[in-house]
Amino acid sequence: MSPSSSSSPTLKSQPQTPLRRRPKAMKPPKNHHKHHSDQTPILKLKPNRPITEILWVSLVATCIKFLLIPAYHSTDFEVHRNWLAITHSLPLSQWYSDETSPWTLDYPPFFAHFEHFLSFFASLVDPIMVHLQHGLNYKSQPTILFQRLTVIVSDFVLVFGIYRLTRNLGYKERVLIWVLVIFSPGLMIVDHLHFQYNGFLLGILLISLSALEEGKDLLGGFVFAVLLCFKHLFAVAAPVYFVYLLRHYCRGGLIRGFGRLVIMGSAVVAVFAAAYGPFLYHGQKDLVRQECIDIFTNTSRNKMTFMVLEQQQARPQSQSGSIPGGIIKTVISCFAVYSAFLIQQVFHRMFPFGRGLCHAYWAPNFWVFYIILDKVLAFSLVKMGFSIQTPTASFTGGLVGDSSPFAVLPRVTPMVTFSIVLLAIAPCLIKAWKDPQPRMITRWIAYAYTCGFMFGWHVHEKASLHFVIPLAIISLKSVEDAKHYFYLSIVSCYSLFPLLFEAQEYPIKVLLLLLHATLMWIGFSSHFTTTHRKAAETEQTKYDKTRFIVGWFGKLYLLGLVAVEIYGQFVHPILFAERLPFLPLMMISIYCAFGMMYSWIWQLRQIIKLH
Numbered sequence: 001m002s003p004s005s006s007s008s009p010t011l012k013s014q015p016q017t018p019l020r021r022r023p024k025a026m027k028p029p030k031n032h033h034k035h036h037s038d039q040t041p042i043l044k045l046k047p048n049r050p051i052t053e054i055l056w057v058s059l060v061a062t063c064i065k066f067l068l069i070p071a072y073h074s075t076d077f078e079v080h081r082n083w084l085a086i087t088h089s090l091p092l093s094q095w096y097s098d099e100t101s102p103w104t105l106d107y108p109p110f111f112a113h114f115e116h117f118l119s120f121f122a123s124l125v126d127p128i129m130v131h132l133q134h135g136l137n138y139k140s141q142p143t144i145l146f147q148r149l150t151v152i153v154s155d156f157v158l159v160f161g162i163y164r165l166t167r168n169l170g171y172k173e174r175v176l177i178w179v180l181v182i183f184s185p186g187l188m189i190v191d192h193l194h195f196q197y198n199g200f201l202l203g204i205l206l207i208s209l210s211a212l213e214e215g216k217d218l219l220g221g222f223v224f225a226v227l228l229c230f231k232h233l234f235a236v237a238a239p240v241y242f243v244y245l246l247r248h249y250c251r252g253g254l255i256r257g258f259g260r261l262v263i264m265g266s267a268v269v270a271v272f273a274a275a276y277g278p279f280l281y282h283g284q285k286d287l288v289r290q291e292c293i294d295i296f297t298n299t300s301r302n303k304m305t306f307m308v309l310e311q312q313q314a315r316p317q318s319q320s321g322s323i324p325g326g327i328i329k330t331v332i333s334c335f336a337v338y339s340a341f342l343i344q345q346v347f348h349r350m351f352p353f354g355r356g357l358c359h360a361y362w363a364p365n366f367w368v369f370y371i372i373l374d375k376v377l378a379f380s381l382v383k384m385g386f387s388i389q390t391p392t393a394s395f396t397g398g399l400v401g402d403s404s405p406f407a408v409l410p411r412v413t414p415m416v417t418f419s420i421v422l423l424a425i426a427p428c429l430i431k432a433w434k435d436p437q438p439r440m441i442t443r444w445i446a447y448a449y450t451c452g453f454m455f456g457w458h459v460h461e462k463a464s465l466h467f468v469i470p471l472a473i474i475s476l477k478s479v480e481d482a483k484h485y486f487y488l489s490i491v492s493c494y495s496l497f498p499l500l501f502e503a504q505e506y507p508i509k510v511l512l513l514l515l516h517a518t519l520m521w522i523g524f525s526s527h528f529t530t531t532h533r534k535a536a537e538t539e540q541t542k543y544d545k546t547r548f549i550v551g552w553f554g555k556l557y558l559l560g561l562v563a564v565e566i567y568g569q570f571v572h573p574i575l576f577a578e579r580l581p582f583l584p585l586m587m588i589s590i591y592c593a594f595g596m597m598y599s600w601i602w603q604l605r606q607i608i609k610l611h
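End of the sequence shown sits at 611 in UniProt numbering; the numbers just go up one at a time, nothing left out.
Just so you know, the hints here were simulated from the structure itself, not pulled from any lab data. Just to be clear, a hint being listed does not mean it is correct.
[What the hints assert, rightly or not] Okay, derived cross-link-like pairs now, EDC-like style, lysine to aspartate or glutamate, Cα gap no bigger than 16 Å in a straight line:
no.: 1; residue 1: Lys477; residue 2: Glu213
no.: 2; residue 1: Lys172; residue 2: Glu53
no.: 3; residue 1: Lys609; residue 2: Asp435
no.: 4; residue 1: Lys477; residue 2: Glu173
no.: 5; residue 1: Lys139; residue 2: Glu78
no.: 6; residue 1: Lys609; residue 2: Glu480
no.: 7; residue 1: Lys65; residue 2: Glu480
no.: 8; residue 1: Lys483; residue 2: Glu502
no.: 9; residue 1: Lys609; residue 2: Asp481
no.: 10; residue 1: Lys509; residue 2: Glu565
no.: 11; residue 1: Lys139; residue 2: Asp76
None of the values given here were measured: they were computed from a predicted structure.
Starting from the given sequences, assemble the full structure and let the hints guide the process.
Laid out in structure tokens, this is it:
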């Protein structure tokens, strides 16, 4: 066979080899690129539009808030109107000493400056609103509209805080958390009906938490210090912040750690100096203006000046020095005493321990059980023939140092409640010391506020928002977190019902709670079904554990809330008419206290268990 004939089969087979045909076979169809290009923008757009999405959610919530403007508002409305008048009409040194109205200024300086800022616009809307005497109990339509709008606008701080915390989550997760927080029925009831600025303050807290979760410890500590100068009741979480920042931010060796401690301390001190420094400065200017004249003319009527002058006169002439020197020493001494007195005025307003252990409406916490136990013991001992002295002080208004409002059990003082709160927070502090993890900080802070609510002094029922809102952030961490939040948010919202006692607001609060419960049920069920179905589809038992299911015990407890409400609204008026008006409120407080106690125990168990 010739070479040409032997090579011809090879030449003919070359076009049929897979190597020559592979590029053609691997060429994707024309519609494949079209389909891929159609889908890719959709997948990329969702993670990159959180700002637009949250603004739409906030816009819907804002429309609902506008509808609530004409509704009921509590005495807190007049409280904040009076603070507008105080900060607008009086010099800074008199903000915390004015007693023109019983609703005196008792928030820290930054909130007073916030009211001062709002008062400039308030004076343009209605000048009587900011008049110290003529504005008392003033409720014109422009005044109501202005104050309602200030709460609505300030809520965008909350929107920004929740945006920072959820911007890196998936689309469904962040939208669900936005709905839980922005449409929170508790915030709607307390801020946009009852009237307060909790959304604004909680927004600052969420900004601080977001910074800590991102590892920006200096920013997180700075923002928390700012928050404390807006509302001091957030200081319950200060021990957790201190331990966490000490172990997480101030690490890296002795020199670096000490340097960071100095930086963090300087930032915090600068915040508090900016808040309280002006009161010392302006207070001393007022003292100099009048006291220096009175000292020279010996006509001073200031008790502090008299005290210092007596000390100067009691000294021998050799120690007191010349007359001008003695006067200078007297003036300097007056400065020091007056400065301490002015700061004492501020803190006396902020921490009025004479108000009693409980609020007028008992917050659903541990002290409800303590009070009820004391009543039961006293009643039982009297029936057994023992002589029990009736307390003269009140649980809600007793003064520290007066006779105990308890007939049998030991008297509870502010120091006792402080010690119990610190002891309850201790497991969280130990965890933060041993292993400071940014992903755990929100859970730890929420637990600290739960401890403050359960065991604190003169706790308001509205303080449950301090831990309910942060717990919404971690409600999607696991199905157990979702179940816990489902129960807790319902109990917290229902415990706020007594704040709205007028008949026209009853459908509003019921609808808000039912809508919130429905949205939670749909959102949690959808999230945990789609998230865990594929991983557990072959194991029915495991699948049941990953589904959002309300157990029989939870259903019984929630049905009990319905029973308590039916009794208070329908049965009690029939049985007792106008008698025992406190009984329905007491039943709500006691029953909700069981739910709050369960939440505290559950959170404590999670703090100990999780690493």
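Results for each hint:
1. Lys477 / Glu213: holds, 15 Å
2. Lys172 / Glu53: holds, 11 Å
3. Lys609 / Asp435: holds, 13 Å
4. Lys477 / Glu173: holds, 10 Å
5. Lys139 / Glu78: Cα-Cα ~8 Å, so holds.
6. Lys609 / Glu480: Satisfied, since the Cα-Cα distance of roughly 13 Å is no more than 16 Å.
7. Lys65 / Glu480: Judged against 16 Å, a Cα distance of about 32 Å means the pair is violated.
8. Lys483 / Glu502: violated, 32 Å
9. Lys609 / Asp481: holds, 13 Å
10. Lys509 / Glu565: holds, 12 Å
11. Lys139 / Asp76: holds, 12 Å
Consistency with the previously given hints fails for numbers 7, 8, ordered from lowest to highest.
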